[in-house]
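Following the hints, put chains W and F in place on chain L, whose structure we already have.
First to last, the protein sequences are chains L, W and F. Under the numbering used here, the first residue of the first sequence is numbered 1, with each subsequent residue one higher. Under the numbering used here, the first residue of the second sequence is numbered 1, with each subsequent residue one higher. Under the numbering used here, the first residue of the third sequence is numbered 1, with each subsequent residue one higher.
Derived by calculation from the structure, the hints in this document are not laboratory data. The C-beta atom is built at its ideal place from N, Cα and C for all residues, glycine as well. One or more of the hints may lead you astray.
Chain L side only, calculated, beta carbon under 10 Å to chain W, not exhaustive [what the hints assert, rightly or not]:
(1) Phe105
(2) Gly112
(3) Gly116
(4) Trp219
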Amino acid sequence: MSYADYINLVINGLVEGLIIALPALALTLVYGLARFPNAATGDIVAVGGYAGLAAHHLTGSLIVAGLAGAAGGAVASVLAYLLAFRPVIRRSVITLLLTSIGVGFVIRAALGVAFGHDPRAFDMPLERAWRFGDISIAPADLSLAALTLLTLALVFFMLYATPLGRSLRAIADDPDLARVSGIRRERCMLAMWTIAGVVCGIAGTVTGMRTVVYPDAGWNMLLPAFAAAVVGGLGNPLGAVMGALLLGVLQELSTPFVGFVYKIALGYVVMMVVLLLRPQGLFNRPVGVR
Amino acid sequence: MLTYLLSILVIMGIYMLLALALDLQYGFTGLINFGLAGFFGVGAYASALLTLKAGWTPLLSFPAAMLAAALLAWPLGRVALRLRDDYLAIVTLGFSEIVRLVLVQEQWLTNGVQGIPGVPRLGAGWGNARFSDMLLLVLLALSIAVAVAVLRRVTHSPYGRTIQAVRDDETAVYVLGKEPARFKTQVLMLGAALSGLAGAYFAHYMTYIVPDQFVPLITFYVWMAIIMGGVARLSGSVAGAVLLVLFLEGVRFTRGIIPGVSDADMGSVQLGVVGLVLILFMRWRPQGLFGGRGAR
Amino acid sequence: MTSLATTGISLSYGDFQVLDGVTLSMSLDGLHGMIGPNGAGKSTFFAVLSGFLQPSAGQVTFDGQVLRGARPAARASMGLGRTFQIPREFAHLTVRQNLMVGPRDQPGESLLPLFFAPGRVRRAEAEIADRAQHLLDFLKLNAVADKPAGGLSGGQKKLLELGRALMSDPSFILLDEPYAGVNPVLIEEISQRIREINAERGIGFLIIEHNLMALNRLVGDLYVLDGGRLLAHGEPDQVLADPRVREAYMGAPAPSGAEAT
Numbered sequence: 001m002s003y004a005d006y007i008n009l010v011i012n013g014l015v016e017g018l019i020i021a022l023p024a025l026a027l028t029l030v031y032g033l034a035r036f037p038n039a040a041t042g043d044i045v046a047v048g049g050y051a052g053l054a055a056h057h058l059t060g061s062l063i064v065a066g067l068a069g070a071a072g073g074a075v076a077s078v079l080a081y082l083l084a085f086r087p088v089i090r091r092s093v094i095t096l097l098l099t100s101i102g103v104g105f106v107i108r109a110a111l112g113v114a115f116g117h118d119p120r121a122f123d124m125p126l127e128r129a130w131r132f133g134d135i136s137i138a139p140a141d142l143s144l145a146a147l148t149l150l151t152l153a154l155v156f157f158m159l160y161a162t163p164l165g166r167s168l169r170a171i172a173d174d175p176d177l178a179r180v181s182g183i184r185r186e187r188c189m190l191a192m193w194t195i196a197g198v199v200c201g202i203a204g205t206v207t208g209m210r211t212v213v214y215p216d217a218g219w220n221m222l223l224p225a226f227a228a229a230v231v232g233g234l235g236n237p238l239g240a241v242m243g244a245l246l247l248g249v250l251q252e253l254s255t256p257f258v259g260f261v262y263k264i265a266l267g268y269v270v271m272m273v274v275l276l277l278r279p280q281g282l283f284n285r286p287v288g289v290r
Numbered sequence: 001m002l003t004y005l006l007s008i009l010v011i012m013g014i015y016m017l018l019a020l021a022l023d024l025q026y027g028f029t030g031l032i033n034f035g036l037a038g039f040f041g042v043g044a045y046a047s048a049l050l051t052l053k054a055g056w057t058p059l060l061s062f063p064a065a066m067l068a069a070a071l072l073a074w075p076l077g078r079v080a081l082r083l084r085d086d087y088l089a090i091v092t093l094g095f096s097e098i099v100r101l102v103l104v105q106e107q108w109l110t111n112g113v114q115g116i117p118g119v120p121r122l123g124a125g126w127g128n129a130r131f132s133d134m135l136l137l138v139l140l141a142l143s144i145a146v147a148v149a150v151l152r153r154v155t156h157s158p159y160g161r162t163i164q165a166v167r168d169d170e171t172a173v174y175v176l177g178k179e180p181a182r183f184k185t186q187v188l189m190l191g192a193a194l195s196g197l198a199g200a201y202f203a204h205y206m207t208y209i210v211p212d213q214f215v216p217l218i219t220f221y222v223w224m225a226i227i228m229g230g231v232a233r234l235s236g237s238v239a240g241a242v243l244l245v246l247f248l249e250g251v252r253f254t255r256g257i258i259p260g261v262s263d264a265d266m267g268s269v270q271l272g273v274v275g276l277v278l279i280l281f282m283r284w285r286p287q288g289l290f291g292g293r294g295a296r
Numbered sequence: 001m002t003s004l005a006t007t008g009i010s011l012s013y014g015d016f017q018v019l020d021g022v023t024l025s026m027s028l029d030g031l032h033g034m035i036g037p038n039g040a041g042k043s044t045f046f047a048v049l050s051g052f053l054q055p056s057a058g059q060v061t062f063d064g065q066v067l068r069g070a071r072p073a074a075r076a077s078m079g080l081g082r083t084f085q086i087p088r089e090f091a092h093l094t095v096r097q098n099l100m101v102g103p104r105d106q107p108g109e110s111l112l113p114l115f116f117a118p119g120r121v122r123r124a125e126a127e128i129a130d131r132a133q134h135l136l137d138f139l140k141l142n143a144v145a146d147k148p149a150g151g152l153s154g155g156q157k158k159l160l161e162l163g164r165a166l167m168s169d170p171s172f173i174l175l176d177e178p179y180a181g182v183n184p185v186l187i188e189e190i191s192q193r194i195r196e197i198n199a200e201r202g203i204g205f206l207i208i209e210h211n212l213m214a215l216n217r218l219v220g221d222l223y224v225l226d227g228g229r230l231l232a233h234g235e236p237d238q239v240l241a242d243p244r245v246r247e248a249y250m251g252a253p254a255p256s257g258a259e260a261t
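The following block holds chain L by itself, in its conformation from the complex:
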């Protein structure tokens, strides 16, 4: 393994990590405000993938595809909230968790019936990878990474520099205090679910462009996204992104040693180790996990 090979792995890991960062962020946002891990997150990603695919077929424009993916994700996410989660939002975590499993199944079933199980690919122009010595970067990866970074930047800007974002963070920090201080909870919830949906939708489109779109694609992203969010600290947006990048790079770097199959397992193992040693996540203050 040459030093260039390692750089390639790191680059790949960063790109993969960036993509996982999106659903990880969605997971952590939902956890922060609605206080449950949303197992349907992955399937919202898949919705975004198909929405982006359809838009790309119609218009051939990647930008429209991205917007469509975002819109598709947002719609699915908000519908899931209004129809399935809001009626049980005050119940126990396990109720919400099982409901989200159900929502994910329903979405996956609908996608399967509507689009079939064959993987579909975007019509992407074939491009040669840029080479810097032995280091190669696919231009597609670069633009997708840029899109992902842009999305993350926008979300973080919203979270930390706008009144809405301040309200969202206030509710996540202390729901009772937020209620008393008159923050419009329902409006914030809708905003949060929309943002989570947009983020997932873009992740779906990006992943679809990078690989393929198929109904189970979302579920396969779910556990890595969970692992990233847990490692970073559930409820911590920055933590989710850092966790995703960290796991992405770790997983890629481990591939020469453990192989393609086990590199996926590595994410779960790291998650369990973190839960054992520092349950609040790497970037959170100690909170009740036990």
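Frame of chain L, contents of chains W and F only:
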């Protein structure tokens, strides 16, 4: 016709064992186990490999399968038991996926994604396939009866009382001088053993096992069973398993009624039905069709 | 030496000093009270005593034994019981079953005796059921004995928690606000039960309360916690007349008046 009926009964029986295991863990002890499929798979592969590759008799391989699954539950318990509900769910889910990845990767042992064909039928030397199936069904029924008797003893006893106390309020159990961790670990292992037994029956009935048969979807089928049947109620688990299989088979029959639904779509429709049932039951009847204490 | 004692218990969350050098010693067979304004650290102190929180400094000694790092279950096994501010009943078990969970080291709580020593399990169960029935009579909870504990009133839950703690055979019980949310009639009932338990079984209590009137009539001595520090200690009337204590409560009325905030 008889073959079909037989297969339905066997599948019901296997899900009954799984539902009993999950109900013990979740209904009675409050453990959110999303990793049931992992123990199911370990039991299946253990018995399949021991009979096929090591020439063991099922008389020994079945208990070995239970033991293997139970032993696997122990480290999971150490890791997971101090975690809160939702974290436990994520960790157990990750665990069952790791099991599946190991089954895929360790081809020298498990034959990877191609799976293991030719798992010996029970009583293969005594009769034909039909005879084996009936023998399996009888043994399965006996196993279920024993399992129910054992679980009844466990749940209707001071042990059962204390695990329900752990479910209802773990902190209050501490101040009575008892360690919840011991109970949780034992319950995890007991449930894992039952799941492993179900796996062994599965392997010797299907005679061809692949890692893809042990995906999280199976775990959630079992969750659906106990939610429908009613948690914290052994009879509810049994009833829930029956309902589950009826549901899944019922969906198959609708194929004739609803136009335009192909075979491939059947899997999707089943998935959708399970999802819908989960959503609706969680909202309107979390205690299940047959009630039961301990619904949260 | 039968006492519950602490020396220099301190606990801080970051910069915030929750407990600051709390040193005290009380007899294991007495009735003791602890009061203080909200946020004074009373419940935190209980958490340290019962092992749910580790202090950053100081140690707890119970019946001659230093409890260093001992987990809550271990401390309870030594005879230190406790109840909680918000009752922690086993909601889906009946009142009777709640009580029967109480005793320690029941043979039926282990799988092997359950299947291989059924006689021993049965005998132990009969004895426990007997004790539970006596407590149901004593606590006057017979009417709800076989109803799920989750449906009880606040006061009944407090009584149940007390009974359950008694079933675990403690030598001393930490009672966290036994009167909170309880109607006045039951308050007197609870006080009377505590007196009887103390007199008949020699079990001592340390009681956190805000209801100064009821507490004053019950305990032999009172500790006052304020801002994590032990402010005063002595007979209830003396302590409640202490101007520092009055000031800590910020305008609390004279002891014969209503509750402090």
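Against the structure, the hints come out as follows:
Proximity of Phe105(L) to chain W holds as hinted, the smallest CB-CB distance being about 3 Å (cut-off 10 Å). The interface hint given for Gly112(L) is met, as the beta carbon of that residue sits about 3 Å from the closest beta carbon of chain W, less than 10 Å. Taking 10 Å as the C-beta cut-off, the interface hint given for Gly116(L) holds, the closest approach to chain W being about 7 Å. At its closest, the beta carbon of Trp219(L) sits 8 Å from a beta carbon of chain W; the interface hint therefore holds under the 10 Å criterion.
Checked against the numbered hints above, the structure violates none of them.
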